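Asker: Take a look at the letters that make up each chain.
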Amino acid sequence: MAYLSMGESHRRITDYLNRFADAINYQDGDSLARLFSVSSDSPSLLSLADALNVFQDANRLIKQSEKFSQFGEVVAPFFRSLQCYRLGNLVDAYGAFEKASNAFIQEFRNWESGWALEALYVIAYEIRVLAERADRELASNGKSPEKLKGAGSFLMKVFGVLAGKGPKRVGALYVTCQLFKIYFKLGTVNLCRSVIRSIETARIFDFEEFPIRDKVTYMYYTGRLEVLNENFPAADQKLSYALTHCCLSKEANIRMILKYLIPVKLSIGILPKKQLLENYDLVEYNNIVEALKRGDLRLLRSALQENEDQYVVILFLRSGVYLVLEKLELQVYQRLLKKIYIIQKQKDPSKAHQVKLEVIVKALKWLEIEMDLDEVECIVAILIYKNLMKGYFAHKSKVVVLSKQDPFPKLNGKPVAS
Amino acid sequence: MSPNNAADPMLKPTMLPKSLRGYVERAFGRYKDDDAKRAACEAYMKDIITEARADGTLYTRDWDSEPLFTVPDSLSISKANIQTPTHASIPNYNKSPVRRSKSRWEPLAEEKMLEKPVSASNEIGKYGSWDRKTFSGYSATKDNSLSSFRFSGPQQRTPSKSAQRPMKRQRIVNGTGLTNNDDDASSDSDKEQSLTAYYSGAMALANNPEEKKRRESRSKRFDRGQGHRPDINYFKPKNAGPANLYTRRASALMLSKSFDDSANQAVEDIDWDALTVKGTCQEIEKRFLRLTSAPDPSTVRPEDVLEKALLMVQNSQKNYLYKCDQLKSIRQDITVQRIRNQLTVKVYETHARLAMEVGDLAEYNQCQSQLQILYSEGIEGCLMEFAAYNLLCVILHSNNKKDLLTSMSRLTPEAKEDDAVKHALAVRAAVTSGNYVTFFRLYKSAPNLNTCLMDLYVEKMRYKAAVCMSKSYRPTVPISYIAQILGFSNAADENGETELSGLDECLEWLKAHGASLITDNTGEMQLDAKASSSTLYMPEPEDAVAHGDSSLAVNDFLARTT
Numbered sequence: 001m002a003y004l005s006m007g008e009s010h011r012r013i014t015d016y017l018n019r020f021a022d023a024i025n026y027q028d029g030d031s032l033a034r035l036f037s038v039s040s041d042s043p044s045l046l047s048l049a050d051a052l053n054v055f056q057d058a059n060r061l062i063k064q065s066e067k068f069s070q071f072g073e074v075v076a077p078f079f080r081s082l083q084c085y086r087l088g089n090l091v092d093a094y095g096a097f098e099k100a101s102n103a104f105i106q107e108f109r110n111w112e113s114g115w116a117l118e119a120l121y122v123i124a125y126e127i128r129v130l131a132e133r134a135d136r137e138l139a140s141n142g143k144s145p146e147k148l149k150g151a152g153s154f155l156m157k158v159f160g161v162l163a164g165k166g167p168k169r170v171g172a173l174y175v176t177c178q179l180f181k182i183y184f185k186l187g188t189v190n191l192c193r194s195v196i197r198s199i200e201t202a203r204i205f206d207f208e209e210f211p212i213r214d215k216v217t218y219m220y221y222t223g224r225l226e227v228l229n230e231n232f233p234a235a236d237q238k239l240s241y242a243l244t245h246c247c248l249s250k251e252a253n254i255r256m257i258l259k260y261l262i263p264v265k266l267s268i269g270i271l272p273k274k275q276l277l278e279n280y281d282l283v284e285y286n287n288i289v290e291a292l293k294r295g296d297l298r299l300l301r302s303a304l305q306e307n308e309d310q311y312v313v314i315l316f317l318r319s320g321v322y323l324v325l326e327k328l329e330l331q332v333y334q335r336l337l338k339k340i341y342i343i344q345k346q347k348d349p350s351k352a353h354q355v356k357l358e359v360i361v362k363a364l365k366w367l368e369i370e371m372d373l374d375e376v377e378c379i380v381a382i383l384i385y386k387n388l389m390k391g392y393f394a395h396k397s398k399v400v401v402l403s404k405q406d407p408f409p410k411l412n413g414k415p416v417a418s
Numbered sequence: 001m002s003p004n005n006a007a008d009p010m011l012k013p014t015m016l017p018k019s020l021r022g023y024v025e026r027a028f029g030r031y032k033d034d035d036a037k038r039a040a041c042e043a044y045m046k047d048i049i050t051e052a053r054a055d056g057t058l059y060t061r062d063w064d065s066e067p068l069f070t071v072p073d074s075l076s077i078s079k080a081n082i083q084t085p086t087h088a089s090i091p092n093y094n095k096s097p098v099r100r101s102k103s104r105w106e107p108l109a110e111e112k113m114l115e116k117p118v119s120a121s122n123e124i125g126k127y128g129s130w131d132r133k134t135f136s137g138y139s140a141t142k143d144n145s146l147s148s149f150r151f152s153g154p155q156q157r158t159p160s161k162s163a164q165r166p167m168k169r170q171r172i173v174n175g176t177g178l179t180n181n182d183d184d185a186s187s188d189s190d191k192e193q194s195l196t197a198y199y200s201g202a203m204a205l206a207n208n209p210e211e212k213k214r215r216e217s218r219s220k221r222f223d224r225g226q227g228h229r230p231d232i233n234y235f236k237p238k239n240a241g242p243a244n245l246y247t248r249r250a251s252a253l254m255l256s257k258s259f260d261d262s263a264n265q266a267v268e269d270i271d272w273d274a275l276t277v278k279g280t281c282q283e284i285e286k287r288f289l290r291l292t293s294a295p296d297p298s299t300v301r302p303e304d305v306l307e308k309a310l311l312m313v314q315n316s317q318k319n320y321l322y323k324c325d326q327l328k329s330i331r332q333d334i335t336v337q338r339i340r341n342q343l344t345v346k347v348y349e350t351h352a353r354l355a356m357e358v359g360d361l362a363e364y365n366q367c368q369s370q371l372q373i374l375y376s377e378g379i380e381g382c383l384m385e386f387a388a389y390n391l392l393c394v395i396l397h398s399n400n401k402k403d404l405l406t407s408m409s410r411l412t413p414e415a416k417e418d419d420a421v422k423h424a425l426a427v428r429a430a431v432t433s434g435n436y437v438t439f440f441r442l443y444k445s446a447p448n449l450n451t452c453l454m455d456l457y458v459e460k461m462r463y464k465a466a467v468c469m470s471k472s473y474r475p476t477v478p479i480s481y482i483a484q485i486l487g488f489s490n491a492a493d494e495n496g497e498t499e500l501s502g503l504d505e506c507l508e509w510l511k512a513h514g515a516s517l518i519t520d521n522t523g524e525m526q527l528d529a530k531a532s533s534s535t536l537y538m539p540e541p542e543d544a545v546a547h548g549d550s551s552l553a554v555n556d557f558l559a560r561t562t
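Residue numbers (full-length UniProt numbering), protein chains in the order written: chain A, 1 to 418; chain B, 1 to 562.
Since the hints were made in silico from the structure, they are not lab data. Just to be clear, a hint being listed does not mean it is correct.
Said to hold, decoys possible - Derived DSBU-like pairs (lysine-lysine); straight-line CA-CA distance at most 35 Å:
| hint | chain 1 | residue 1 | chain 2 | residue 2 |
| --- | --- | --- | --- | --- |
| 1 | A | K345 | A | K398 |
| 2 | B | K464 | A | K396 |
| 3 | A | K185 | B | K416 |
This structure is a prediction, so every number in the text was calculated from the model and none was measured.
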């Protein structure tokens, strides 16, 4: 690094202070926003950080002029944060940034319109990102990572500030999405409930007023929550909303939405085209789709077991999709039985509607799945109970008696009964 | 900051157990007129509730006895027995209501604030319990059976060891998170309320000279409040269990570095070894008496005696209450002496197994959480056995999908090869898919104590199976078949008496659940499937008792053998 003189450092700091004060005085939200984005590693902020570390007494500069000192509560800790960040001390960087943000919020409340929302967004984002990195630092030092949790509480406070009647309220959804990201990362997704309720039931909020970008993100996360709770129709609705409103160029985002939408669609009997899976690199679903089409239980089971691909299964587990995929087993059974029925129908239409249990056992044996009569009987009972098969089971004769009409009803967009 | 406008769903009355609602009311009732405090109170309640949900104690904790916390306030003064070095109040074994008088461990926010002069008792340490559960030191709830143990930290405080410098305190100001750094230590010291003492596994010491003198003369050990985060901090540390003393103690020195420097010196100066009690008591049998003051070494048993004590409990024929009591006493002796090794693990494993056998889930959960911590420190034990129990608990008891997924994704490949774990995973799959045949087969072949945990779900599974069969079978199902697949038969292949009793049991069960039964022309009992599909129902549990366990009678029967 080239030598940085005191004079040059002084100049950079004063320059920043001027831009800061001007941004506020001229209500220039975009400029102000750029002045806060610590984690972006922008050259200007990095060079400012270097200057601060050389100059070391920025507080004096701040106090020198009324133009700067009125924002001292915000800028002083922000400078400290930037310095710490530059030196790789993420924990302190977060702490100072939170302090600066706190002071910023106090100012923000007093400003009339929503001109500073962009800056607020940047701050909300930085709070989360810096907290994540601080936690990583804590964890690597054997300490307990608690900054992200703190960030969550802080953002709830910010949410409170935005939840009012004025024009600032359109910012609430962005903050909500940051909160979602935090809660999902921490695994405390149950905390999402309170903020969701605020958004969806408070009269001050009109969902349509929010920026489209935030709406898509919101629907993505709430859709994921529905997946976790296995409310498939709701999950379908929300994730589909996210998909249709997501800008086509954002391929990574579309992939993320599809990752959850596909299992949901599978659960309601809708299969994706192979092309789609390939376009968005979701080939881990290939085997599962195949298994459903063919009634191949063995294929489904192996797709969900780690001897096939450990990494994929762990991903399924972590994302919560695993349980959804597992439930597809019943649909695979249904498909298998339907195939048996079709074959029987070809051989002898008059007797086709009666399927002997032992025939099913044999079919499963061909798939290298060993199940005894009792187990198969149980599966058959469950299939009938959940309306995947219409008919009944005669225990004495060990025969499934299928209804003559539509013995294998389609799901038609409804998930299998619980 | 204005509290969030929308009502917080987590605090909605319908979602919480009744005793917890009472607790919440009491908590809020104290701050009727103070909005800022109410907001802080709300935030704190949320944390407590979230925490309780997360570790499964939401419904098992005794909220009636759970002491209330204080919202820090620049005005509130530590309410304590001011000058007189009174003894700590005698522990309540009864579940007394929260409004205890004179408990020096509880901030008595309900009473009027006394405007005592600055130099008044600096019971800083009083609130310095780093653990919310500190306050429940005197409640007889099982959850907090170890909460008294954290006193064992800075016990015999020798004057030479305490740090002497006045600490720079930061005052926590009315809920806005803004602080004023106040260099006047003496005026701050009494105003310091350390709710934030959660992190004070590192003890920071109260430092003005008067307090030191008082401390010495009392020769009591209190936890010292440390911690003055710049913002209000109601966060609970991850493992705020009762005896998390040691995990935090070990990293306390490091943790403390994140606070004010002036506090650090105090912690590092403490000679931990000198403070540990080394017991001399030789009694193998010892009842559990919750510690109220520094333990007298002659009442604490050393490790070798504890080994014998554990053996005695394991071989004893007496009932659970006796064993539980003995084990708690052993646990206390272990904690007080900071013994953290295989003996510790064995004690917790023993207690956990016993608790599970009798269905004492609260105690089991406590032990299980301790075991997880001990295992993670590398101490040997029956990891797989308890990993399996953990899984089963998540599946069968809490049914929290997120927890389940996390537990499953964290299993090591080695764990997945273990029989007990495999069994647990198979049970999970059976429960998820509603496969009753597999479930009851697994029930019969369950290793270790997996059956005890499966017992939690047997009733539900049988009912689901009955409903399923009523819908799918026509016209009838033999009762003998049902008895066999729903796990009613005893010891698989025995004929004669054993089978008959299984059949009878099944019949009883079906009748109790409204099944329609008929006898066919060969005299065999059958389930009338079609009729049953509309008559089956799940009856109310008959033996529900107020305190939850109908086998616990009121009389003292610790020595009774059952």
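Asker: All hints, please: hold or fail.
Answerer: A quick look at each hint next to the structure:
| no. | hint | verdict |
| --- | --- | --- |
| 1 | A:K345 with A:K398 | 19 Å, holds |
| 2 | B:K464 with A:K396 | 22 Å, holds |
| 3 | A:K185 with B:K416 | 26 Å, holds |
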